Amino acid sequence: MSRADSDWPDRLANVKDMARAQGKQAWITEAQAEPWDATMDTFTNPQSTSPEATRSLFANLKDAGYTTILFWGSEYWLWRADNGDTRWVDTVKSILAKESAAPALLLPVRA
1 MSRADSDWPD RLANVKDMAR AQGKQAWITE AQAEPWDATM DTFTNPQSTS PEATRSLFAN
61 LKDAGYTTIL FWGSEYWLWR ADNGDTRWVD TVKSILAKES AAPALLLPVR A
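Using our numbering, the first residue of the sequence shown is number 1, and each one after it goes up by one.
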């Protein structure tokens, strides 16, 4: 489901409910956590998403009842960290530290 889709919360709820009715879980497998800007002009200062939007997306999906949420964008977060901007990695690390059921799950920051 796309964030641009105006009824995405309702559609996500329907998908989750259909899965549960069949005794299954519904997972979010590619939550968008990487910018999709089309030009190099905004590559270093993306307009399409942000670390704050990633945190909000996670919270909204969790509030919708999803318990497995996989992010898309780790290569981008690491590239940003390698270039001095750790906000993306820090955001995901803080989500994992607070929400992860597996205590060993912490993203390493490359030196």
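Keep in mind that the hints were calculated from the coordinates and are not lab data.
Just so we're clear, the structure is a prediction, and the values are computed from it rather than from any experiment.
The beta carbon of each residue, even a glycine, is placed where N, CA and C say it ideally should be.
There could be a bad hint or two in this list.
[Stated by the list, open to error] Ranges of calculated distance between the beta carbons of each label pair, as one might list FRET restraints: (1) Trp79 with Glu99: 33 to 41 Å; (2) Met18 with Asp85: 21 to 29 Å; (3) Gly23 with Asn83: 32 to 40 Å; (4) Asp82 with Met18: 16 to 24 Å; (5) Lys62 with Asp85: 23 to 31 Å; (6) Glu99 with Arg11: 32 to 40 Å; (7) Ser48 with Asp90: 28 to 36 Å; (8) Thr39 with Arg87: 18 to 26 Å; (9) Ser48 with Thr68: 18 to 26 Å; (10) Glu75 with Ala21: 32 to 40 Å; (11) Asp82 with Asp7: 37 to 45 Å; (12) Asn83 with Thr29: 34 to 42 Å; (13) Arg87 with Arg11: 41 to 49 Å.
[To be verified] List time: in silico DSS-like cross-link candidates among lysine-lysine, alpha-carbon distance up to 25 Å: (14) Lys62 with Lys24; (15) Lys62 with Lys98; (16) Lys16 with Lys98; (17) Lys93 with Lys24.
Taking the hints in turn, this is what the structure says about them:
Between Trp79 and Glu99 the Cβ separation comes to about 24 Å, which falls outside the hinted range of 33 to 41 Å. Between Met18 and Asp85 the beta carbons are some 39 Å apart, a value that contradicts the proposed interval 21 to 29 Å. Hint check: Gly23 to Asn83, Cβ distance near 46 Å, so the stated range 32 to 40 Å is violated. Between Asp82 and Met18 the Cβ separation comes to about 41 Å, which falls outside the hinted range of 16 to 24 Å.
Roughly 25 Å separates the CB atoms of Lys62 and Asp85, a value that falls within the hinted 23 to 31 Å. The hint said 32 to 40 Å for the Cβ distance between Glu99 and Arg11, and at roughly 23 Å that hint is violated. A hinted range of 28 to 36 Å for the beta carbons of Ser48 and Asp90 is inconsistent with their spacing of about 19 Å. A beta carbon spacing of about 21 Å between Thr39 and Arg87 agrees with the range 18 to 26 Å that was offered as a hint.
One distance hint, 18 to 26 Å for the beta-carbon pair Ser48 and Thr68, holds here, with the actual separation near 24 Å. Between Glu75 and Ala21 the Cβ separation comes to about 36 Å, which falls inside the hinted range of 32 to 40 Å. The beta-carbon spacing between Asp82 and Asp7, approximately 38 Å, falls within the hinted interval of 37 to 45 Å. A C-beta distance of roughly 28 Å is found between Asn83 and Thr29, which places it outside the suggested range of 34 to 42 Å.
Between Arg87 and Arg11 the C-beta distance comes to about 30 Å, which lies outside the given range of 41 to 49 Å. At roughly 17 Å between alpha-carbon atoms, Lys62 and Lys24 fall within 25 Å of each other, so this suggested pair holds. For a cut-off of 25 Å, the pair hint linking Lys62 to Lys98 stands: about 12 Å separates their Cα positions. Straight-line distance between C-alpha atoms of Lys16 and Lys98 comes to about 23 Å, which keeps the hinted pair within the 25 Å bound.
Only pairs whose Cα atoms come within 25 Å are accepted, and Lys93 paired with Lys24 is rejected, the gap being roughly 28 Å.
Going down the numbered hints, you'll see the structure goes against 1, 2, 3, 4, 6, 7, 12, 13, 17, while the others check out.
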